[in-house]
Amino acid sequence: MTCDTARGLILDAIRGRLPDASARELRQHLETCAACRAFEASERALSEALDTKLPQYAAPLALKRRLQGIWPHAAAPVRARRWSSPLARMAAVAAAVAVVAGGAGSVLATRSAERERLAGESVNDHLRLLAGAPLATVTGGLHEVKPWFGGKLDFAPSLRFAGDEDFPLLGGAVERFLDRPAAVFVFQRRLHKVSLFVMSLPGLDFPLRPTSRPVRGFNVVLWQANDQGYALVSDLNLDELLQLQKRIATAGP
Amino acid sequence: MAHIDASEVLAHADGLYNFARWLCADAAEAEDLVQETYARALASAHQFQPGTSLRAWLFRILRNAFLDRRRRAAPTISGEEPSDDVLGDVSTDELGQEQVRRLVAADVAAAVHDLREPFRTVVLLDMEGFTDAESANILGCSEGTVKSRLSRARARLRSQLAAYGPRP
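Same order as they appear, the protein sequences are chains A and B.
Under the working numbering, think of the first position of the first sequence as 1, with each following residue one higher.
Under the working numbering, think of the first position of the second sequence as 1001, with each following residue one higher.
Treat the hints as calculated values from the structure; they're not laboratory data.
Careful, some of the hints might be misleading.
[Said to hold, decoys possible] Distance condition first, Cα-Cα at most 25 Å in a straight line; then the derived SDA-like pairs of lysine to any residue: (1) A/K64 <-> B/L1054; (2) A/K64 <-> B/L1010; (3) B/K1147 <-> A/I14; (4) A/K64 <-> B/C1024; (5) A/K246 <-> A/H192; (6) A/K64 <-> B/A1039; (7) B/K1147 <-> A/R17; (8) A/K64 <-> B/E1029; (9) A/K64 <-> A/H192; (10) A/K246 <-> B/R1120; (11) A/K246 <-> B/E1098; (12) A/K246 <-> B/Y1164; (13) A/K246 <-> B/V1104; (14) A/K64 <-> B/E1128; (15) A/K246 <-> B/L1054; (16) A/K64 <-> B/A1025; (17) A/K64 <-> B/D1032; (18) A/K193 <-> A/L169; (19) A/K193 <-> B/L1054; (20) A/K64 <-> B/R1055; (21) A/K64 <-> B/D1114; (22) A/K64 <-> B/L1150; (23) A/K246 <-> A/P214; (24) A/K193 <-> A/E165; (25) A/K64 <-> B/S1044; (26) A/K64 <-> B/D1068; (27) A/K152 <-> A/Q188; (28) A/K246 <-> B/D1114.
This is chain A alone, in the form it adopts within the complex (with noise of 0.2 Å):
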């Protein structure tokens, strides 16, 4: 096998889709090809970059409704569909009885339902706390309001970046995030306040990569760290609030 070759296949083989045969000539080829080898990880660590952090934007509620109004519950009529097996026949099956049960009937809009939850969520909060929650005094910066949150939290929010001169750490809080405690940071940019809620992760669906969408005027940005699950929300235009995201992802010790 050529290096030509083998470059060729590598996505595919990533992405398991080579046959057998190629994958072991393949295999056999990146044994003894130190360049190949090199650019076969470099071709992970991108698909990882893309996969892991290329933001997602789901279909906002207002679209999603406009969108029902436009496609009729009495639906659009096909041609006659003939199912090919027994196993596609049950398939069609399990498919009715998911949207007679009133489901959306996929894994793809429960997981969106599941996010708009903790969006929504997150904005909820946000405007509890603009509305005058009590913060947590902040004089000495992050090394003081971390250990305000003993024996406040069960666990210790992970949450390195102290704030800078763009945006300013005014203060901590505690709020209930639905069903348990979370560790409020509030920023400020310019005259918006930024909230970030950060809480333990078990049972909760938060995206692997920073995942913004708009609700009710904010943007919300949920991702996911060190076990822990992440909602940045802000009325501030959503460049600026990525821009905060990054900093507070990348902050080192």
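Chain A is already provided as a structure; the job is to place chain B on it using the hints.
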């Protein structure tokens, strides 16, 4: 007579909207595009072949609607599909795991946005899990063209992202 159920098509709204957001200049245009996609799909539902991928069919309609909009916006520009030599220079810098660890969403988003649309599109379709053959069907081009664009787009992304982080 069977039907395309509303829940079946609406289940793809998030994926289509995400695709539209990466094609369009802003969120409002992306919403318009998704809405137009569903209107077109409804109007041509009788053309959908049962047993084929509804998702791929919807993505193809969205991409075509996007190209139609672009043609209307710039009617004097002909030839929507640039040849495969217009991606620009690609350095030989490669990407390491340590660099990926240091990358953040804004870095990756900027690199993807920097790709010209046909190249960005093949990357997005690949991320959506479409095979090269399915992407070729969505784009109305050959599988070889998809492979070539994807390869060049990924080379560009590796080079761009490697430039953001420290060398391994």
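Does A/H192 lie within 25 Å of A/K246 when you go C-alpha to C-alpha? OK: A/K246 and A/H192 at ~18 Å, within 25 Å.
Under the criterion that the straight-line Cα-Cα distance not exceed 25 Å, is the pair A/K64, B/C1024 satisfied? holds, 18 Å
Taken at face value, is the distance from the CA of B/D1068 to the CA of A/K64 at most 25 Å? holds, 23 Å
Given the proposed pairing of A/K64 with B/A1025, does the C-alpha separation stay at or below 25 Å? holds, 20 Å
A/K64 and B/S1044 were given as a pair; does the straight-line alpha-carbon distance stay at or below 25 Å? holds, 20 Å
Verify the proposed pairing of A/K64 with B/E1029, using a straight-line Cα cut of 25 Å. holds, 15 Å
Restraint status (C-alpha distance of A/K246 to B/Y1164 at most 25 Å): holds, 13 Å
Are the Cα positions of A/K64 and B/D1032 separated by 25 Å at most? holds, 12 Å
Within 25 Å, alpha carbon to alpha carbon, are A/K64 and B/L1054? At roughly 18 Å apart (the allowed maximum being 25 Å), B/L1054 and A/K64 satisfy the hint.
Given hint B/L1010 paired with A/K64 - CA-CA distance at most 25 Å: holds, 8 Å
Quickly compare the C-alpha distance for A/K193 and A/L169 to 25 Å and report which way the hint goes. Holds, at roughly 10 Å.
Within 25 Å, alpha carbon to alpha carbon, are B/K1147 and A/I14? Satisfied, since the Cα-Cα distance of roughly 15 Å is no more than 25 Å.
Going through the hint list in order, the structure does not satisfy hints 9, 15, 19, 21 and 22.
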